[in-house]
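Chain residues, written in single-letter form:
Protein chains: 2
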Amino acid sequence: MTAAGDTALIALDWGTTSARAYRMRRDGALIDQRHAALGVQHVRPGEFAQALGALLGDWSALPVPRLACGMIGSRQGWIEAPYSRCPVALQALAAATVRTPEGEVAIVGGLTCVDDTGVPDVLRGEETQVAGLPDDALDAALVIQPGTHSKWTAVANHAIAGFSTYMTGELYAVLREHSILGRLLAKGLFDDAAFARGVDAGLQAPAGALPHQLFAARTLALFDALTPAGAGDYLSGLLIGHEIAHGRAWAARHASAAASTWLVGDDALCDRYARALAQAGVATLRGPADAAARGLWRLARLSGMVV
Amino acid sequence: MTAAGDTALIALDWGTTSARAYRMRRDGALIDQRHAALGVQHVRPGEFAQALGALLGDWSALPVPRLACGMIGSRQGWIEAPYSRCPVALQALAAATVRTPEGEVAIVGGLTCVDDTGVPDVLRGEETQVAGLPDDALDAALVIQPGTHSKWTAVANHAIAGFSTYMTGELYAVLREHSILGRLLAKGLFDDAAFARGVDAGLQAPAGALPHQLFAARTLALFDALTPAGAGDYLSGLLIGHEIAHGRAWAARHASAAASTWLVGDDALCDRYARALAQAGVATLRGPADAAARGLWRLARLSGMVV
Numbered sequence: 001m002t003a004a005g006d007t008a009l010i011a012l013d014w015g016t017t018s019a020r021a022y023r024m025r026r027d028g029a030l031i032d033q034r035h036a037a038l039g040v041q042h043v044r045p046g047e048f049a050q051a052l053g054a055l056l057g058d059w060s061a062l063p064v065p066r067l068a069c070g071m072i073g074s075r076q077g078w079i080e081a082p083y084s085r086c087p088v089a090l091q092a093l094a095a096a097t098v099r100t101p102e103g104e105v106a107i108v109g110g111l112t113c114v115d116d117t118g119v120p121d122v123l124r125g126e127e128t129q130v131a132g133l134p135d136d137a138l139d140a141a142l143v144i145q146p147g148t149h150s151k152w153t154a155v156a157n158h159a160i161a162g163f164s165t166y167m168t169g170e171l172y173a174v175l176r177e178h179s180i181l182g183r184l185l186a187k188g189l190f191d192d193a194a195f196a197r198g199v200d201a202g203l204q205a206p207a208g209a210l211p212h213q214l215f216a217a218r219t220l221a222l223f224d225a226l227t228p229a230g231a232g233d234y235l236s237g238l239l240i241g242h243e244i245a246h247g248r249a250w251a252a253r254h255a256s257a258a259a260s261t262w263l264v265g266d267d268a269l270c271d272r273y274a275r276a277l278a279q280a281g282v283a284t285l286r287g288p289a290d291a292a293a294r295g296l297w298r299l300a301r302l303s304g305m306v307v
Numbered sequence: 001m002t003a004a005g006d007t008a009l010i011a012l013d014w015g016t017t018s019a020r021a022y023r024m025r026r027d028g029a030l031i032d033q034r035h036a037a038l039g040v041q042h043v044r045p046g047e048f049a050q051a052l053g054a055l056l057g058d059w060s061a062l063p064v065p066r067l068a069c070g071m072i073g074s075r076q077g078w079i080e081a082p083y084s085r086c087p088v089a090l091q092a093l094a095a096a097t098v099r100t101p102e103g104e105v106a107i108v109g110g111l112t113c114v115d116d117t118g119v120p121d122v123l124r125g126e127e128t129q130v131a132g133l134p135d136d137a138l139d140a141a142l143v144i145q146p147g148t149h150s151k152w153t154a155v156a157n158h159a160i161a162g163f164s165t166y167m168t169g170e171l172y173a174v175l176r177e178h179s180i181l182g183r184l185l186a187k188g189l190f191d192d193a194a195f196a197r198g199v200d201a202g203l204q205a206p207a208g209a210l211p212h213q214l215f216a217a218r219t220l221a222l223f224d225a226l227t228p229a230g231a232g233d234y235l236s237g238l239l240i241g242h243e244i245a246h247g248r249a250w251a252a253r254h255a256s257a258a259a260s261t262w263l264v265g266d267d268a269l270c271d272r273y274a275r276a277l278a279q280a281g282v283a284t285l286r287g288p289a290d291a292a293a294r295g296l297w298r299l300a301r302l303s304g305m306v307v
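These protein sequences, in sequence, are chains A and B. Each residue of the first sequence is one higher than the last, beginning at 1 in the working numbering. Each residue of the second sequence is one higher than the last, beginning at 1 in the working numbering.
This is chain A alone, in the form it adopts within the complex (with noise of 0.2 Å):
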């Protein structure tokens, strides 16, 4: 047990569906977290407050401030707290915290910039995981956040140059659970050998070539020559393998020549991506899996919120 004096922040990582608080020492060590179903869409506008409460318990009496990211600061969250366009300096989006109007928390924006079609893209939450990297891969980073909107974001000199937004992750699951493509698949053992066909297929596709594959990978699980199994393994490394070949023109046109790379998230994700961008040759560090911590804790001492 520490003694409540130690407490320096609650950082708090409120998305769309769940809260998650941290309670963290003068030095940035984690103490101890708590985490509720009380999501950006499982609370009504006006009881904010009150979710908060519920979230911190008697953590709620502590003298101390309080950070927030995520869809907490959307429209649908508490208060707006508007988009920086990139590039935009860590230091910069410390500084462009909005607070709610009791004062209750603090919370990071989200950045937007624009892709090489002119395009707008946006993200919201990744940022401060981004920002919770170790300090030294900030000076150069290809940070890959896998997920149901993937996220690449290109770091340089401590601050985000730019990003880019795949929806791999939900056109996988739209796919399995609603097109004929689902009633050929079976959950099973990840099949190794049909995700590195699949990633294959997705790294070598032309352009154009999605509709098409999608209905091939159809045929390939009627002609048994995968499992039902197996299917849903070369679905998943197909994407994956899409995302991955434009991301890596992304990536060489606005990450550093310098930069490592390195995966973000959901450990079982990773690891698929990981093998993936290994079959792409690229090398990849993994990220602290309390990277939302430590980026509000960054972003904290950054704005001054902790000295």
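Quick caveat, the hints were computed from the structure, so don't treat them as lab data. Watch out, some of these pointers could steer you wrong.
Here are a few chain A residues that sit away from chain B, every Cβ distance over 10 Å (derived from the structure) [to be verified]: (1) T17; (2) G109; (3) F190.
DEER-style ranges, computed between Cβ atoms [as the list claims (entries may be wrong)]: (4) A/P134 - B/T117: 36 to 44 Å; (5) A/Q41 - B/L30: 23 to 31 Å; (6) A/L189 - B/G182: 31 to 39 Å; (7) B/I180 - A/D136: 33 to 41 Å; (8) A/G281 - B/I180: 26 to 34 Å; (9) B/S256 - A/H178: 33 to 41 Å; (10) B/G103 - A/D266: 39 to 47 Å; (11) B/A95 - A/E177: 40 to 48 Å.
According to the in silico footprint, chain B covers these stretches of chain A (three or more CB under 8 Å from chain B) [claimed, not checked]: (12) 114-120; (13) 124-135; (14) 300-307.
From the three backbone atoms N, C-alpha and C, an ideal C-beta is built for every residue, glycine too.
Starting from the known structure of chain A, fit chain B onto it as the hints suggest.
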């Protein structure tokens, strides 16, 4: 009213959801047609003869041959009519029909080929629509049949050289109905400019771009660069643009340089493809609305079933 004695063939386009019967005259003209919701998925095994009776009604008594195409020849249909491997002459396709056990109907088989990456591809039913093009078109044609699973088919010297399938329509449907994109879309009048913008994004897309572009479609809508109705047409154009980018490259390798490009299928969808193909610099001709009936007539002639 035409005398029953004029009837030379009953042609059956029998698919997954519905069945259509055509009564055809000695000169190949269509006399009359009937349809019923008796597609393969609505008929229990062992009840196809009964379903045929219900579809044909008093035509059942006509002493003329009957030729069917479509999913009625699949493993889930009346009897399996095997896939022929491309290239296949229409003459050979006509010779490879399979009769039901009691001889009620002859059924045209599907086609299979292997794509440029070694993956099998299949079609069933579309081969007969291709055979329904005008006689001289069959010397050299690229036939595009848009739909849930679009088909691009290369025809040379009255033979089907090969084909390529795209899951474009199904991808559009699952994204529209089940992804985060669907929440931003609304039905409305066709938005020509949004569609054209989507097509352009699809045609210009570098390898692997689709997972990124799907997220970009969302931000375009979020940032009010697309109306809710326009976002649906943008997505449609984007996916069709991808299909065309891949299909054109495929056709350059597999279709004759002398081939005209034909669109066959649903009118509204063919209109969309005609616009998108024009944007890619490809002029198109429109196949006949009754392509399946005409194709069955041609195959019946080639098989000697009608003289």
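Checked hints:
| no. | hint | in the structure |
| --- | --- | --- |
| 1 | T17 | 14 Å, holds |
| 2 | G109 | 16 Å, holds |
| 3 | F190 | 21 Å, holds |
| 4 | A/P134 - B/T117: 36 to 44 Å | 41 Å, holds |
| 5 | A/Q41 - B/L30: 23 to 31 Å | 56 Å, violated |
| 6 | A/L189 - B/G182: 31 to 39 Å | 33 Å, holds |
| 7 | B/I180 - A/D136: 33 to 41 Å | 36 Å, holds |
| 8 | A/G281 - B/I180: 26 to 34 Å | 32 Å, holds |
| 9 | B/S256 - A/H178: 33 to 41 Å | 38 Å, holds |
| 10 | B/G103 - A/D266: 39 to 47 Å | 59 Å, violated |
| 11 | B/A95 - A/E177: 40 to 48 Å | 43 Å, holds |
| 12 | 114-120 | holds (count 4) |
| 13 | 124-135 | violated (count 0) |
| 14 | 300-307 | violated (count 0) |
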